[in-house]
Amino acid sequence: MVEYTLRRVLSFIPTIIITLTSIFFITRMIPGSPIAALIGHQAVGAEQIEAISSDLGLDKSLIDQYLEWLPAVLTGDFGTSLFYEDSVVQVVMDRFPVTLYLTVFSMILTILVGIPLGIYASIRRGRIADYASNVFSSLGMAMPSFWLGFLLIILFAVTLDWLPASGYRSPDFGIWEWLKRLILPVLAQSLAQIGLVVRMTRASMIDVLDQEYITMARAKGLPESRVVLKHALKNAMTQISTVVGLTFALGLGGSVIIENVFALPGLGQLITIAAVRRDYAMLEGGIFYLTLVALIVNLAVDLAYAYFNPRIRHTG
Amino acid sequence: MSLILISGCGSPKASDQSSGSDGPVRGGTLNIGLHLPLPTLDWQSSVSHPLPMVFGHVYEGLFGFGRDFTAAPDLVDSYEVSEDGKTWTFVIREGVTFHNGDLLDSEDVKASLDRWHRIGPKGSGLASLDGIETPDSQTVVMNFNAPMGQFLLLLLGSDENKAIVMPKEVADASTRPGQVTEVIGTGPYRFDEYKEDQYVRLKRFDAYSARSDNPNYQAGKKEAHVDEILFWIVPEASTRVAGLESGEYEIITEVPDAEAIRLRDIDDVDPVKNGPGVLLYLMFNHQQGLTSDINIRRAFQAMVDPSEITAMVVSDSSFGKTYSSIYSPESAFNSSKEPSPSQSAEAYLNEAGYNGEPLFIQVIATDIVQQRVAVALVEQAKRVGLNLQIQSYDLSTWVARRRDASVMNMYSSAGYWVDPSLWQPEFNGTFPSEEVGFSNAAADELFANLASATSLEERKVLAGELQAHFFKEVALVNLGYIYRLVAKGNSVHDPHGNLALGNLTLHGVWID
Amino acid sequence: MSKKVFHTTLKRPGIRRWRLNGMLIAGLCLLLPLAVIAVFASWLSFLDPLSIDASSQLLPPSWNHPFGTDNFGRDVLARTVYGAQVSLRVGLGSMLLTAFFGVFFGVISGWYRWADAIIGRFTDSLMIFPGFVLAIMIMAAIGPSEFNVIISVTVLYVPQVIRTVRASIVEFRSAEFVDAARTIGVGDFRLLFVHIFPKAAGPVMVQLSFGFAWAVLVEAGLSFLGLGTPPPAPSWGNMIAEARDFIRSAWWMITIPGGMITLAVLGLNLIGDGLRDMLDPRLKDRGVL
Amino acid sequence: MNLVDIRNLEVQFPGATEPLTVIDDLSLNILPGEILGLVGESGCGKSMLARSIMGLVPSPGNVSKGQIFFGDLDLLTLDEPSRRSLRGNQISIILQEPMTTLNPVYTIGNQIEEVLKEHRPDMKRSERRQLVIQLMKQTGIPSPEARIHQYPHELSGGIRQRVAIAMALVGGKVQLLIADEPTTALDVTIQAQILKLFVELQKEHQMSLLLITHDLGVIAQTAHRVAVMYAGRLVEVAHVEELFDNPRHPYTRGLLHSLPRPGSHSRKQPMPSIPGTVPSPGAIPQGCAFYDRCGFRDDKQCLNERPNLEEGATEHWVSCHFAAEIPPFKVNSSDEVTP
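Protein chains in written order, with our numbering: chain A, 1 to 316; chain B, 1 to 512; chain C, 1 to 289; chain D, 1 to 339.
Be a bit skeptical, because a hint or two may be false.
Straight-line Cα separation of at most 25 Å, PhoX-like style, residue types lysine-lysine; simulated pairs [what the hints assert, rightly or not]: (1) D:K117 x A:K230; (2) A:K180 x B:K472; (3) A:K234 x D:K203; (4) D:K124 x A:K230.
Not the full set, but computed from the structure, chain C residues with beta-carbon under 10 Å of chain A [to be verified]: (5) A35; (6) A38; (7) A41; (8) L44; (9) H65; (10) A135; (11) I142; (12) A233.
Keep in mind that the hints were calculated from the coordinates and are not lab data.
Note that the structure is a prediction, hence the values are computed from the model and not measured.
Beta carbons: idealized from backbone N, C-alpha and C, even for Gly.
Here chain A stands alone, though its shape is the one from the complex:
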């Protein structure tokens, strides 16, 4: 297991370099220059533009820029944001908690609801509870999260007036002040994820429950709860953990749009604004850190997979 972990962690390095390279070239494909955004509506002379341009290193060739950029970035230096007057990493770290709260809470909710519901549906296969959970998960996956967000706002904020419609306050303002603004975004974010996890849990549980070793476990006289939770679930977990990891990555991507709906000042919003402002450094840093989280979760999932599946652990 140690060796496996080491190997997986080492394989992380090329992945990161590939990620950074993709980010660099895709963001530099974006038309329009950061200078235009920086100077806004005013008329500025050509000399001034050149001055700013060379100040920002934009007058060099793309390859030169890349070769200067990559080593710096690998040491964690994404430069200074054009607009935030602060190091990119600093700005990203300011926003990071918001996105993390959103995605992690959504993930926790997804796991707490999705896996048990999927297990329940699998053991009630073909009965009403199974169909009900199928309808629920199919609808959840079909609804666009941002639309669901608005429906939740209409219901809980406008009609019932129980929760704020959007915005964010840091925990400094009090736990409830903080938490109550995350409830609706987390709900909107989770529903599709729950749908996915319910379906995958159900499917892999059904696969597993049809296996002979489940019959065998029952034949040993084990109570049904142990059969399902010990013998079936651990086998199904290999697949479920993969889906959970994938769902987390999808959630990180989806957070961009949810942060937009609920006006949460997180990484997603930062990335959208940076894209509009052509704040290359900010955009690159933002996307990289968002992707990095996805990669780390992926790694964790791989390790979990190995943990649940001795065959991988020993031979993989």
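Following the hints, position chains B, C and D against chain A.
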């Protein structure tokens, strides 16, 4: 001059009257739901919308807008202008301190004006400045090589980019646009904290030295009743409204006018119609492409139906207005009107030999007003056989394309004009770039005459001539006026009616 | 009842076969009416989805406007129907492109080891980015338009199809009929695309039908962010974006397009489920992906 | 006294229109200490019978009629906890495929020990360990101390099946061991070893063994008595010598004919097989289930009247209308295989 100050329902604030006997209460936190994040803390370098709303309370200029949208003295105690309009001498009020405790003197004013001139979007109006002298600590003398009749208004930067005053050390150290080292002003509130995209906190500046004359919008005696002002960044309009209703915010900016009808029916919330009227107007590429043909521009002039356009932009008809002048209905120059087009749009298109070629209006994807204007224009163009299409861009691409004569046809803009000379930066031939802009000797001459005209009557006549000239040349097309909606909870008292004026100004505002 | 069923008595006879057809039928029932109306919209005399009318702004649903009107006085029903066209075009267009590139590169990378390394790296680097982020980056880079949405959906989805196709091809690489075909001199290209690929087509079909649903969601999301189909085109995502300011005063503006997206995606997912159970029994009872 | 007494058992699955009967009015007993072979083609209901005894008929199937006595307990009326306390403890089962009967994610030690944890909760950990190792030794697993930490995928098929056997026996009180095709998936040499192990263990533990197989050779080597199943019904039950010498049911005879015997078939002659196919549960004829494939049928009685299982000779039960008339069995007489 008639100002529309009171909310659309026509009932003056009952709460204000009833509480009038109690007088202002000191203290409390005022929570504002602000519609946009601050792109920068450097107001001097930006015309961005929310900046005046926040920093108007932190910084002061030599002058500020008065209730009648003329320049009223603020940091200035007295001033005089030479006969030729080229030399302006200001005497600064004594005993004004910055938020860092330093005393304001003429060097600070000079450094601030220099920086504004250098990097301020509206500071470019000082092109004819020869130099600034500071004969003593309270006196600033500015010399121009041309008459500057509009100078005081210019200092107000259309209420978007005012010539504010900051300490000399800060002004000198902050060389790059967008990056001010410290936010230090002389206003009644001091800047406390900005949490990126979350909130801005201002605290009352207890050492503030107010003027002694009557409160007058952004000038006169400014009273700071509340202890702190928290501007919450809430880009989502529905959230701002919900927050207002739940009492989370006391005041919210940029309320969708669709909400006005509903808000009037809610007891503890007051909608406030905010003026002066904002002109929506269409700007063209005057140098290249189809729109360089005056007959095409005239077709647009003849084709537009401002009543329909404003109806599309605002949802509540009381917030739109058709008004055939490029000066705000609330301004002193509201007497002169545009004539009517003499031919139909189809006839102009015929003259132009137009044959269904596509024309493009470029919009900023995130700008709802621009988008709505464009949608309406496209449909109106369709009716006269003009093939107009929308091109939607992010802000910076939009800005870049606007300067590019080979791709730009037209865009819509919005703003209020309370003085004819304020049009000068838009039509001096360099805006948005020399390759695109409107440049015209007759207009230049009119602007020059305005610069040396000091009497209101004289200026009014020139304003009328300028408008007629713009109409004839179709420098721009008037698309109608809209009013903005601000809303407050009725715990908020605004004895001077400042919330109905221009950008959010909270002087004199107090809460129960 | 066939003999086969008797042999599988331990594995619950009969039940699933009926259900899988049920899913396909349910999916078609949801989607077909929508698709038919969208395709024949021009013949069905809907109102002009673009024409504005200051006298009928924000009208609630009525006989004249069954889904009400929006803030421009445009008929929401007409916009919904034409919005369906946008969604269908994006879904169909991106899935056709995805199928073409996915199958081509998938087959190549499954067959030639040298290509596998290159294509594999490429797909990996595209799949690194969490979901939507790559789409945002691409749309920011190439600008908002319906065609660009198709491209960006394709870029996002092609790696998954490449992987599926590749896996099937690798499975067949050493199959007997392949050796047999080779010995009688069938060329690589013919072998791959005529003999092998059709055997692997089932999973691709299934994946494309889920991809279609996903494309509808991505288009809506991008348009909502202002990065997709530009206004005034009546795309469902645009309609939701435009409805933001009116969620209190005009509920029909936001509920209807969102409901349509939900129905369409639900229908497409059900079709995918049904197809999967029919074409690719190995994956029975699996979810999307 | 019977160890197991099955009376008129019927197992059904819900069908599209009416329930499908997979075990039809089956009565059978198992004596203490005997090895009872249960033979039949795959799908005839053998495994379902085993699962009925275990109480593990897969949903949505269910036992719709009959009784199963284990000693004097009627298993079908017991509540679930009581049944569970018998399973793996007094009644154990070994399944066909050792690859899939062991849970891939737990060590085999864990999986064997689990039985003890369930049924002998008072046992200490170390005692359990000891017992597991002892049982593994007994089932012929080399170096059990190391093996208990291994996962199923690290073991060979034969060892896995031995693990399954150890798992079945570790409870220590086993009275009935059901082996459902325990050697089918194994190599021939391993098959013999495992069968030998079964016989040894059966004697040692003094238990009854229900050996389910489709392989008459296996039966001939090990069983005391044989029961033959066809399409959910029992067609013949007899002592093993009696059955092989004097099969009375045409189906049994067909099976015996198709049994390869050294020298009994020339290379040119194809090995005889029973023509036709087993009817599916929804399509069983009203009369004899074997009617379609039978060489002795008549068109009246066999078609319309279901034969009962009757004791012809001593302890030789047959269900055939013509049991008495059919001529003595002669290997290679091909007269009876075609209808």
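*Structure-inconsistent hints, enumerated in ascending order*: 2, 3, 5, 6, 7, 8, 9 and 12
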